[in-house]
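In order, the protein sequence lines correspond to chains Y and F.
106 is the number that this note's numbering gives to position 37 of the first sequence; each next residue is one higher, with no gaps.
112 is the number that this note's numbering gives to position 72 of the second sequence; each next residue is one higher, with no gaps.
Any given hint could turn out to be false.
[To be verified] Here are the simulated BS3-like pairs of lysine-lysine, each with C-alpha atoms no more than 27 Å apart in a straight line:
1. Y:Lys74 x F:Lys45
2. F:Lys136 x F:Lys99
3. F:Lys49 x Y:Lys98
4. Y:Lys108 x Y:Lys84
5. F:Lys77 x Y:Lys98
6. Y:Lys92 x F:Lys55
7. Y:Lys108 x F:Lys99
8. F:Lys60 x Y:Lys92
9. Y:Lys138 x F:Lys99
10. F:Lys45 x Y:Lys106
11. Y:Lys98 x F:Lys60
12. F:Lys48 x Y:Lys106
13. Y:Lys106 x F:Lys136
14. F:Lys111 x Y:Lys108
15. Y:Lys74 x F:Lys60
16. Y:Lys92 x F:Lys111
17. F:Lys55 x Y:Lys138
18. F:Lys49 x Y:Lys74
19. F:Lys60 x Y:Lys138
20. F:Lys136 x F:Lys111
Treat the hints as calculated values from the structure; they're not laboratory data.
Letter by letter, the chains look like this.
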Amino acid sequence: MYLGKVIGRAVCTCKDPQLKGLKLLLVTKIDGNGNPKGKPFVACDSVGAGNGETVFLCGGSEASFPFIKTRPPADATILGIIDNIAD
Amino acid sequence: MEICKVIKKVVSTIKNEAYKNLPLLLVQPIHLDMRNKGSEVLCIDFVGADLGELVLIMKEGSSVNDMLGLKEAPADAAIIGIIDSIDADDKKIFEKSNSD
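Whenever a hint applies, use it, and build me the whole structure from the sequences.
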């Protein structure tokens with residue numbers, strides 16, 4: 070898993086039927102101090118995260134597990150909203 | 041499996057139910073000479089590691105699922121051990137008591 074920050078939202082009408090109803094958010098990976106790194110990407114949302122929130126995500130085949138009934142083709146999913154990060 | 045250093049404690053209330061109440065720790069993979077290696081990894085902590093400790097992590101989804109006792113949990117990294125010492129080429133390169 071890794072940390073990320075929600076920076077926006079992607080809307081997509083024409084998509085794989087299994088992605089229907091899923092919220093797609095624009096996320097950038099961050100380090101432990103909150104500094105962004107790498108390029109932004111799109112992730113499915115399983116917890117109801119919003120713009121500006123710090124979240125944690127999972128990649129790979131595990132990304133489709135929260136949506137077990139539909140098994141959407143996803144390679145990044147938001148799994149939780151971070152309350153705080155402490156040293 | 042990889043050798044990492046625990047750098048942050050992460051608290052999350054709203055999260056996937058598979059994570060139960062297990063602690064989440066942010067770890068930094070390190071080289072044997074203690075330099076940072078690659079990007080940080082968020083892990084489920086199964087052993088009770090603390091900040092600054094060297095730990096052994098496993099990055100494999102199906103093994104994490106086995107440890108959680110679930111079939112399809114969306115988790116792919118876990119801390120599975122706290123490192124006491126590391127030997128390489130007959131030389132001790134890390135001993136826990138000397139580190140802090």
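Hint by hint, here is what the structure shows:
Proposed proximity of Y:Lys74 and F:Lys45 is supported: the alpha carbons are some 23 Å apart, at most 27 Å. Between F:Lys136 and F:Lys99, the direct Cα distance comes to roughly 23 Å. Compliance with the 27 Å bound is thereby established for this hinted pair. The straight-line distance between the Cα atoms of F:Lys49 and Y:Lys98 is roughly 17 Å, inside the 27 Å bound, and the hint therefore holds. Between the alpha carbons of Y:Lys108 and Y:Lys84 the distance comes to roughly 23 Å, so the proposed pair stays at or under 27 Å and holds.
Taking the CA atoms of F:Lys77 and Y:Lys98, the gap is near 17 Å; set against the 27 Å cutoff, the hint holds. For the given pair, Y:Lys92 sits about 16 Å from F:Lys55 by alpha-carbon distance, which is consistent with the 27 Å threshold. The suggested pairing of Y:Lys108 with F:Lys99 holds, with an alpha-carbon distance near 23 Å, which does not exceed 27 Å. Between F:Lys60 and Y:Lys92 the CA atoms are separated by roughly 24 Å; this keeps the pair inside 27 Å, and the hint holds.
Restraint check: the Cα-Cα separation between Y:Lys138 and F:Lys99 comes to about 25 Å, which is no more than 27 Å; the hinted pair holds. For a cut-off of 27 Å, the pair hint linking F:Lys45 to Y:Lys106 stands: about 20 Å separates their Cα positions. Restraint check for Y:Lys98 and F:Lys60: the C-alpha separation of about 24 Å stays at or below 27 Å, so the hint holds. Only pairs whose Cα atoms come within 27 Å are accepted, and F:Lys48 paired with Y:Lys106 is accepted, the gap being roughly 17 Å.
Taken as a hint, the Y:Lys106 and F:Lys136 pair is broken in the structure, with Cα atoms around 32 Å apart against an allowance of 27 Å. About 32 Å separates the Cα atoms of F:Lys111 and Y:Lys108, which puts this hinted pair outside 27 Å; it is violated. The hinted pair formed by Y:Lys74 and F:Lys60 meets the criterion: a straight-line CA distance of about 23 Å does not exceed 27 Å. Only pairs whose Cα atoms come within 27 Å are accepted, and Y:Lys92 paired with F:Lys111 is accepted, the gap being roughly 25 Å.
For the given pair, F:Lys55 sits about 19 Å from Y:Lys138 by alpha-carbon distance, which is consistent with the 27 Å threshold. For the suggested pair F:Lys49 and Y:Lys74, the alpha carbons sit about 17 Å apart, so the restraint of at most 27 Å is met. Restraint check for F:Lys60 and Y:Lys138: the C-alpha separation of about 21 Å stays at or below 27 Å, so the hint holds. A distance of roughly 35 Å separates the Cα atoms of F:Lys136 and F:Lys111; the hinted pair therefore is violated under the 27 Å criterion.
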